[in-house]
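Colleague: Grab the two chains, each in its own frame, and use the hints to assemble them into the complex.
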Amino acid sequence: MVLYGVAALALCMLIGMLIGDGLGVLVGVDANVGGVGFAMILLVVATDRLRKRGLFPKPTEQGVLFWSALYIPIVIAMASTQNVAEAIGGGPMAAIAGLGALAAAAALVPVIARIGGQSEPLPPMTEAEKQEA
Amino acid sequence: MDIVADVLERNGLLFAFVVVGALMLLSGWLSKTLTRGRLQGSAIAIMLGLVLAYIGGVQTGGEAGLADVAIFSGLGLMGGAMLRDFAIVATAYGVDLQEIKKAGAAGVVALIAGIVVSFVVGAAVAAAFGYTDPESMATIGAGAATYIVGPVTGTAIGASSEVIALSVAAGLIKAVVVMVCTPLIAPFIGLNNPKSAMAYGGLMGTTSGVAGGLAATDKRLVPYGAMTATFYTGLGCLLGPSVFYFALVGLFG
Chain C
1 MVLYGVAALA LCMLIGMLIG DGLGVLVGVD ANVGGVGFAM ILLVVATDRL
51 RKRGLFPKPT EQGVLFWSAL YIPIVIAMAS TQNVAEAIGG GPMAAIAGLG
101 ALAAAAALVP VIARIGGQSE PLPPMTEAEK QEA
Chain D
134 MDIVADVLER NGLLFAFVVV GALMLLSGWL SKTLTRGRLQ GSAIAIMLGL
184 VLAYIGGVQT GGEAGLADVA IFSGLGLMGG AMLRDFAIVA TAYGVDLQEI
234 KKAGAAGVVA LIAGIVVSFV VGAAVAAAFG YTDPESMATI GAGAATYIVG
284 PVTGTAIGAS SEVIALSVAA GLIKAVVVMV CTPLIAPFIG LNNPKSAMAY
334 GGLMGTTSGV AGGLAATDKR LVPYGAMTAT FYTGLGCLLG PSVFYFALVG
384 LFG
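Line by line, the protein sequences give chains C and D.
Residues 1 to 133 (the numbering used here) make up the first sequence, in order.
Residues 134 to 386 (the numbering used here) make up the second sequence, in order.
Careful: at least some of the hints might be erroneous.
[To be verified] So the derived list for chain D, only partly shown, Cβ under 10 angstroms to chain C, looks like this:
| hint | residue |
| --- | --- |
| 1 | Ala149 |
| 2 | Leu183 |
| 3 | Leu208 |
| 4 | Ala220 |
| 5 | Ile233 |
| 6 | Thr315 |
| 7 | Ala362 |
| 8 | Phe364 |
[As the list claims (entries may be wrong)] When the alpha-carbon atoms are kept at most 20 angstroms apart in a straight line, the in silico EDC-like pairs for lysine to aspartate or glutamate are as follows:
| hint | chain 1 | residue 1 | chain 2 | residue 2 |
| --- | --- | --- | --- | --- |
| 9 | C | Lys52 | D | Asp229 |
| 10 | D | Lys234 | C | Glu120 |
| 11 | C | Lys58 | C | Asp48 |
| 12 | D | Lys235 | C | Asp48 |
| 13 | D | Lys235 | C | Glu120 |
| 14 | D | Lys234 | C | Asp48 |
No lab work stands behind these hints: they were computed from the structure.
Each residue gets a CB set at the ideal place from its N, CA and C atoms; glycine is no exception.
The following block holds chain D by itself, in its conformation from the complex (with noise of 0.2 angstroms):
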């Protein structure tokens, strides 16, 4: 047993392609028999995948899910921010810019409207709970943005390291539930063209969740969802500690 497992540790991340590879073929054997086909595989697959992250998660206690187990590290590489980011950047080929000059207009839009939404919503949340100082809104709210803007914003304008923790967490249900729930959601809003992908990355703003949310919808949105994303982050890193912290001091402090 040890030798096998030490064979899988050294050689990680050619072990992640096999375990993906299974669960893909699972998942397209799920879609097929127990969905008709209605529900795409790669969306069961990322479905599955975030239960075994949650597995894993509570096995070792640490942050990086199912990677943390270490015969699965190699997972870690496969799904980390270098691949991922390379993997988006390819699906950009073949794409056409006019579709992209066309909903430009849009994707700014959308981009501020996601970002002043998320701060709004986290924040009313926040005051709601009991939370109703005026760092300890903006940190929560930055949090519901994406899960880095919270900490930047937290640590930035010096929120209490519990405050800090939640806005991570409101973070992480908004990028979990975006990869989930963006094919179950996409008939109502009209999720099925490049202008409204472009319009839902700027809102929505989570890479991980855009980028997971989009491939289990219809991958050729892919490159037009990640576009907008990849500004939202740090645009809500530069808003967040500023003009959002400093109206809630002017409104509440």
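Okay, chain C solo, but in the shape it has when bound (with noise of 0.2 angstroms):
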């Protein structure tokens, strides 16, 4: 049943945005605190799971899998609704100072990415992988 998956997915989630929530209350601020990543460990461990005790069949997944493949479209919708008006609006100073946040991040990803040892690329996609993109 795709819905099982849709609805795994979901739960996954909401449980992820309570305990952001949570932990921003925890630590007195008025934002979410990772839940997306908490949501996303929860996925992982949990289907991780249930796969091996052969509870996520391939119809399951399938819901997952839908919504992980319109990422790319909601993706475009979500750049498409940016306040990009306002961004070009707020003059030189405003555009000077996330720039050159950007710039000198930027350039720190080399140093910190070399923490823990070097990491190997990721393979070249595959035909199908990019028939999806």
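Modeller: Structure follows, in structure tokens:
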């Protein structure tokens, strides 16, 4: 049943959001702290266990994979609803502050990625994966 | 014409699927013909989306880009935080937890470094433009972290509304540029494996920027980048009005 997959995904996300909001209240900020991250870990751990017991068959899996495949279209919709006009209207100081923070952080990526040993690049995408994207 | 607009408005989400589908089709074609596949179709689609968002924003004066145009309002639901986060979590399906554990230390360092660097750069730029009081410097520094941390910090420490608006603009610029530039800078900063993606998410922090940027680079990196980025705004809201503000008061107050 496809819906079982969608429901499992939704449940993981809701629990993750609850943890994130709870953590926010705990540290005293009005923001969700890591909700998406907790939801992801929950999904990975829960589905891994269910799969090993044979409780997460192909049709159920499809319910999760469908939303994963919708990720890029959703991000494109998100891009089209950004407040780009205000971003550009902020003037030079806002632009320099935003760009400066970006450039400085980007420069640190190779430095910090070295912590704990070098990582191998992912293999090139297969044709099937390219088709999906 | 009225009937068409009426149907599209009543079925906004469905029309959003059609619009994004058309946008992706066009982008895929542009990617093949203009760039011979060197720039991914999804990267082009995100850029076109941002251009449309600009047009929508200028046309309506609203805050939600193209979604403020009535017939395109479904884009707001499709691209809103709920479905975006739902899809991000779904991309984690099948991810190797070992990879995340391996990159855990790097991820934590990236988060702290990302927030500190954004605060410092933002505050320095604010000072260079003549905003030398600690409230304004802290708020604009927080805005350089993300467009949520900026107003949260500014409101908490009592910055002027003009400065808060500037901090939002700084965060928005960062989000937009991260979306567009990630695929372009990825080869130069080694953004091609789970660990560097986790470092990238923690350093950039803007969820929408990282989500869009990694989608345009390599979708397989999305869960790793999102994993760390999701802690950034909360941590920034915690540090901005407290540690960072008090440090500025101590230094310049």
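Colleague: If a hint holds in the structure, say so; if it does not, say that too.
Modeller: Results for each hint:
1. Ala149: 6 angstroms, holds
2. Leu183: 5 angstroms, holds
3. Leu208: 5 angstroms, holds
4. Ala220: 4 angstroms, holds
5. Ile233: 8 angstroms, holds
6. Thr315: This hint holds: Thr315 of chain D lies near chain C, its Cβ roughly 9 angstroms from the closest one there, short of 10 angstroms.
7. Ala362: 8 angstroms, holds
8. Phe364: At about 4 angstroms, which falls below the 10 angstroms cut-off, the nearest Cβ of chain C leaves the hint on Phe364 of chain D intact, so it holds.
9. C:Lys52 / D:Asp229: Cα-Cα ~15 angstroms, so holds.
10. D:Lys234 / C:Glu120: At roughly 16 angstroms apart (the allowed maximum being 20 angstroms), Glu120 of chain C and Lys234 of chain D satisfy the hint.
11. C:Lys58 / C:Asp48: Holds, at about 13 angstroms.
12. D:Lys235 / C:Asp48: OK: Lys235 of chain D and Asp48 of chain C at ~18 angstroms, within 20 angstroms.
13. D:Lys235 / C:Glu120: Holds, because 12 angstroms separates the two Cα atoms, which is no more than 20 angstroms.
14. D:Lys234 / C:Asp48: 16 angstroms, holds
Violated hints for the displayed structure: none, as all numbered hints are satisfied.
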